[in-house]
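Asker: Sequence:
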Amino acid sequence: MKQERGALTRSHLIAVAGVEFDRNGYDGTSFSRLSRSAGVSIGALTFHFSAKAELASAVEESGRSATRAVVEDITARGAGTALDTVSALILGLGRLIEADAVVRAAARLGQERAGAGPEWCGCWLPEVRALLGQAVEQGQVRPDVDPRPVALLAAHLMGGTVARVRQGRSRRPGAAVVELRELWRIVCRGIAAPQELVEV
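Take 5 as the starting number for the sequence shown in my numbering and just add one per residue.
Errors might be hidden in some of the hints.
What the hints assert, rightly or not - Label-pair restraints from in silico Cβ distances:
| id | residue 1 | residue 2 | range |
| --- | --- | --- | --- |
| 1 | A73 | R9 | 20 to 26 Å |
| 2 | A179 | Q115 | 19 to 25 Å |
| 3 | A73 | P153 | 23 to 29 Å |
| 4 | H16 | V182 | 30 to 36 Å |
| 5 | G84 | D31 | 42 to 48 Å |
| 6 | A197 | A48 | 53 to 59 Å |
| 7 | R40 | R189 | 39 to 45 Å |
| 8 | G84 | R146 | 14 to 20 Å |
| 9 | P122 | S54 | 19 to 25 Å |
| 10 | G126 | R81 | 37 to 43 Å |
| 11 | Q138 | R27 | 35 to 41 Å |
| 12 | R146 | R14 | 45 to 51 Å |
As the list claims (entries may be wrong) - Okay, derived cross-link-like pairs now, SDA-like style, lysine to any residue, Cα gap no bigger than 25 Å in a straight line:
| id | residue 1 | residue 2 |
| --- | --- | --- |
| 13 | K56 | D31 |
| 14 | K56 | R27 |
| 15 | K56 | V44 |
| 16 | K56 | A118 |
| 17 | K56 | G43 |
| 18 | K56 | T13 |
| 19 | K56 | R37 |
| 20 | K56 | S41 |
| 21 | K56 | C125 |
The hints are simulated quantities; they were obtained by calculation from the structure and are not laboratory data. Backbone N, C-alpha and C fix where the C-beta goes; we use that ideal spot for every residue, glycine too.
Between the sequences and the hints, there should be enough to build the whole structure, so can you do that?
Answerer: What follows is the structure in structure tokens.
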């Protein structure tokens with residue numbers, strides 16, 4: 005019972021820290037702010053996380069874990085062709101970014117924090133790059149298309165989605181995903197072989 009309560013408190017602290025790190029960044033978030041937001045004393049906070057860097061690492065890992073789960077689910081289900089699966093991944097990640105502050109915080113902390121763990125993009129970008137390579141090999145993408153810059157463009161789209169959600173530019177639920185779908189549709193029109201145009 006005590007262990008279960010401790011695990012719940014730890015999860016709560018990670019969720020609250022995700023919101024704070026997403027909103028204020030690593031340097032702009034203090035233990036006192038975190039303890040107030042979480043409704044716990046600084047002593048209770050330091051019982052679970054002895055330093056801000058330790059809590060930030062836990063937030064990053066939680067965000068990467070949630071991202072890996074989405075990638076594994078989408079790739080396991082498959083969405084038709086390799087290009088279809090890339091499209092499903094892009095939109096699935098967009099929905100995750102919009103819904104989960106811990107994921108947005110993981111993306112931000114990986115860029116801002118010295119000593120951060122593996123970059124958030126590392127959870128999904130290699131899969132996108134590999135699938136785009138398959139799409140070229142299978143004739144779904146024009147043969148003159150290099151999958152590496154297309155994957156890099158996907159990373160920029162994800163970064164832009166994170167920033168727009170954080171800044172409140174997409175206040176309506178689902179608005180960020182609608183924007184992302186439109187942008188990815190334009191990308192697909194530019195790279196897909198004529199017979200392989202997909203509905204995103």
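Asker: Against each hint, give a clear statement of whether it holds in the structure.
Answerer: These are the hints, each one checked on the structure:
1. A73 / R9: 20 to 26 Å: holds (25 Å)
2. A179 / Q115: 19 to 25 Å: Since the Cβ atoms of A179 and Q115 sit about 24 Å apart, the hinted range of 19 to 25 Å holds.
3. A73 / P153: 23 to 29 Å: Once the Cβ atoms are compared, 28 Å apart, the range 23 to 29 Å for P153 and A73 holds.
4. H16 / V182: 30 to 36 Å: Holds, at about 31 Å.
5. G84 / D31: 42 to 48 Å: holds (44 Å)
6. A197 / A48: 53 to 59 Å: Taking Cβ atoms as reference, A197 and A48 lie about 58 Å apart, which means the hint holds.
7. R40 / R189: 39 to 45 Å: 43 Å Cβ-Cβ, so the 39 to 45 Å window holds.
8. G84 / R146: 14 to 20 Å: holds (18 Å)
9. P122 / S54: 19 to 25 Å: Given range 19 to 25 Å: holds, Cβ gap about 22 Å.
10. G126 / R81: 37 to 43 Å: Violated, since G126 and R81 (Cβ atoms, about 22 Å apart) do not stay within the stated range.
11. Q138 / R27: 35 to 41 Å: With Cβ atoms ~38 Å apart, the hint holds.
12. R146 / R14: 45 to 51 Å: About 49 Å separates the Cβ atoms of R146 and R14, which means 45 to 51 Å holds.
13. K56 / D31: Status holds; Cα separation ~10 Å.
14. K56 / R27: holds (16 Å)
15. K56 / V44: Status holds; Cα separation ~15 Å.
16. K56 / A118: Holds, because 12 Å separates the two Cα atoms, which is no more than 25 Å.
17. K56 / G43: holds (17 Å)
18. K56 / T13: With Cα atoms ~16 Å apart, K56 and T13 stay inside 25 Å; holds.
19. K56 / R37: holds (11 Å)
20. K56 / S41: Roughly 14 Å separates the two Cα atoms, so the pair holds.
21. K56 / C125: holds (23 Å)
Comparing the model with each numbered hint stated earlier shows that hint 10 is the single one that does not hold.
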